[in-house]
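Q: What follows is the residue order along each chain.
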Amino acid sequence: MTESEIEAKVIDIVCKQMGADGAEVSRETRFDEDLKADSLDQVELMMDFEDAFNTSISDEDAEQIKTVGNAIEFISKNNGSAG
Amino acid sequence: MPDSSTTRLVITGVGTVTNIGPDAASTWESMREGRSGISKIEGVEFDRFGQHTWRVGIAGQIKGWDPCEQGGFDRRDLRRFDRCTMLGLSAAAQAVADSGIDFEREDPDRCGVIVGSGIGGIGTIEEMLMVLIERGPDRISPHTVPRLMVNATAGNVSIRYGLRGPSSAHATACASSGHAFGDAMNYLRKGEADVMIVGGCEAAVTPLCIGAFSTMRALSSRNDDPERASRPFDKLRDGFVLAEGAGFFVVETLEHARARGATIYAELMGYGNSSDAAHITAPDEQGRGASSSMKKAMADGGLNLEDIAYINAHGTSTPIGDDAEVAAVISVFGDHARKSAGGKLLMSSTKSMHGHALGASGAIEMLACVNAVRTGVIPPTINLDHPEEGFDIDLVPHEARERPVRYAMNNTFGFGGHNVTLIVGRYTD
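Top line first, the protein sequences correspond to chains A and B.
Using our numbering, the first residue of the first sequence is number 19, and each one after it goes up by one.
Using our numbering, the first residue of the second sequence is number 14, and each one after it goes up by one.
Errors might be hidden in some of the hints.
Not everything, but these chain B residues come out facing chain A in the computed CB check (under 10 Å) [stated by the list, open to error]:
#	residue
1	85
2	89
3	152
4	155
5	156
6	163
7	309
Computed far set for chain A versus chain B, every beta-carbon distance over 12 Å [claimed, not checked]:
#	residue
8	20
9	38
10	44
Quick list of simulated restraints, FRET-style, between CB atoms [unchecked claim]:
#	chain 1	residue 1	chain 2	residue 2	range
11	A	54	B	234	43 to 49 Å
12	A	69	B	276	23 to 29 Å
13	B	46	A	50	48 to 54 Å
14	A	42	B	292	20 to 26 Å
15	B	332	A	54	26 to 32 Å
16	A	39	B	205	48 to 54 Å
17	A	77	B	55	53 to 59 Å
18	A	45	B	81	39 to 45 Å
19	B	79	A	42	23 to 29 Å
20	A	81	B	147	26 to 32 Å
Hints were generated in silico from the structure; no laboratory data involved.
Yeah, the Cβ is synthetic: ideal placement off N, Cα and C, and Gly gets one too.
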């Protein structure tokens, strides 16, 4: 999967879960301040990324994923198994 | 200090979401017209178990009510709220809009919310149990606990409207919203609040609940004739019909309602509660607990039994429950209730139309009582083709009746032996 494919899929997941408009979500979008995701929403987002990309995100890694861009970068680096 | 014996309480906003109407106006119209909301059960959560034989295949599901389309919720809300809470928040929003109250102009510490729900977010519990079994503990939604907890709706209503006064939840089975009203009345009378949002919500038409009530033999299995299945007081009744729904009200002190120029629908007069202390599900055959709650409610409102013109019965359509309630009403009201003695009392069960929404039933039926005193229309007991012999009360069969009602009584009795009676009156200065 290319990084732009990953980006599109991440944005799609974020929009579906947070009820956001795709046009307003970019790599710079912050989960907490921009999307008002609380701690439970953020846990659920990580679970959705894990499912969609067949990857595993530890709590320590999740703490570093604060923006859509962070998520795309993490998944690109750890996306070996998802093809 | 306000004098609790003279603090008058009024209802200034109503909202319901039921299987006979998406709002209070349409629900009341259906009650007047005697329309049934009972239908064959549908849903993917049931299809999953389609290989099994379901003894009961009918319920009072609210079809055509999409949380997003009709309820105004977004996709994020669908992950955060159980259906029970979405029905409740939707009914509460109607009641708040109807009352015209602007909570931003109120003292938040003097506004609160009490909600009754018998079971709470059971749909979430069942959904997440399947996730646990099929995908393991790490896939359980982090929103599971705040969705399933029985106080979720009370908490979310307080958050949505910024209510910082008393907030709580009652879980006394089918008496839950009755207790919610009583609790709110106490806070208002004691002077601890000016305005309370009060309601009940239930969304328990789920595989586990249908299956469990079914094996108790509590439910009607008239699967081939859903609209005729809920038939309180009829000889051919064979159990209740499980329903979902919500009813919410804005209740405030008369002084507060007058000060803000609110439209007053009815006065909340009396609250009585009691316990059977007998069996966990079966009512006392003589209806002693029910008699006690009715007497206490009249005493609380300073009313005599002849003052009561209409009772919205608990009347679930179970053989023993209806027997006990009729026995209790006759023991309390005597000749005022006895049709053979020319008694003037009318009693109907609107569950004949909308089924039994458990903890929300008392709140949904409060709509019938409020409109009975406001409009002088008494909704019928539909399907009452062959009244049980010995039920010597005018049970308003088939069609609504027009008659002025000064005071109406609302009975709710729950598993656990909890009994609550509320009385509303026509508002006059």
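Q: Hint by hint, note whether the structure agrees.
A: Going down the list of hints, with the structure as the test:
1. 85: violated, 12 Å
2. 89: This interface hint holds because 4 Å falls under the 10 Å limit.
3. 152: holds, 7 Å
4. 155: holds, 4 Å
5. 156: holds, 5 Å
6. 163: violated, 19 Å
7. 309: violated, 43 Å
8. 20: holds, 27 Å
9. 38: violated, 8 Å
10. 44: Consistent with the label, residue 44 of chain A stays out of reach of chain B, its closest Cβ about 19 Å off (over 12 Å).
11. A:54 / B:234: 43 to 49 Å: holds, 47 Å
12. A:69 / B:276: 23 to 29 Å: Since residue 69 of chain A and residue 276 of chain B have Cβ atoms about 51 Å apart, the given range 23 to 29 Å is violated.
13. B:46 / A:50: 48 to 54 Å: 51 Å Cβ-Cβ, so the 48 to 54 Å window holds.
14. A:42 / B:292: 20 to 26 Å: violated, 58 Å
15. B:332 / A:54: 26 to 32 Å: Check failed, 52 Å falls outside 26 to 32 Å.
16. A:39 / B:205: 48 to 54 Å: Violated - the Cβ-Cβ distance for residue 39 of chain A and residue 205 of chain B, about 43 Å, lies outside 48 to 54 Å.
17. A:77 / B:55: 53 to 59 Å: violated, 40 Å
18. A:45 / B:81: 39 to 45 Å: violated, 28 Å
19. B:79 / A:42: 23 to 29 Å: Hint holds: Cβ distance 24 Å, inside 23 to 29 Å.
20. A:81 / B:147: 26 to 32 Å: Given about 29 Å between the Cβ atoms, the range holds.
Checked against the numbered hints above, the structure breaks hints 1, 6, 7, 9, 12, 14, 15, 16, 17, 18 and satisfies the rest.
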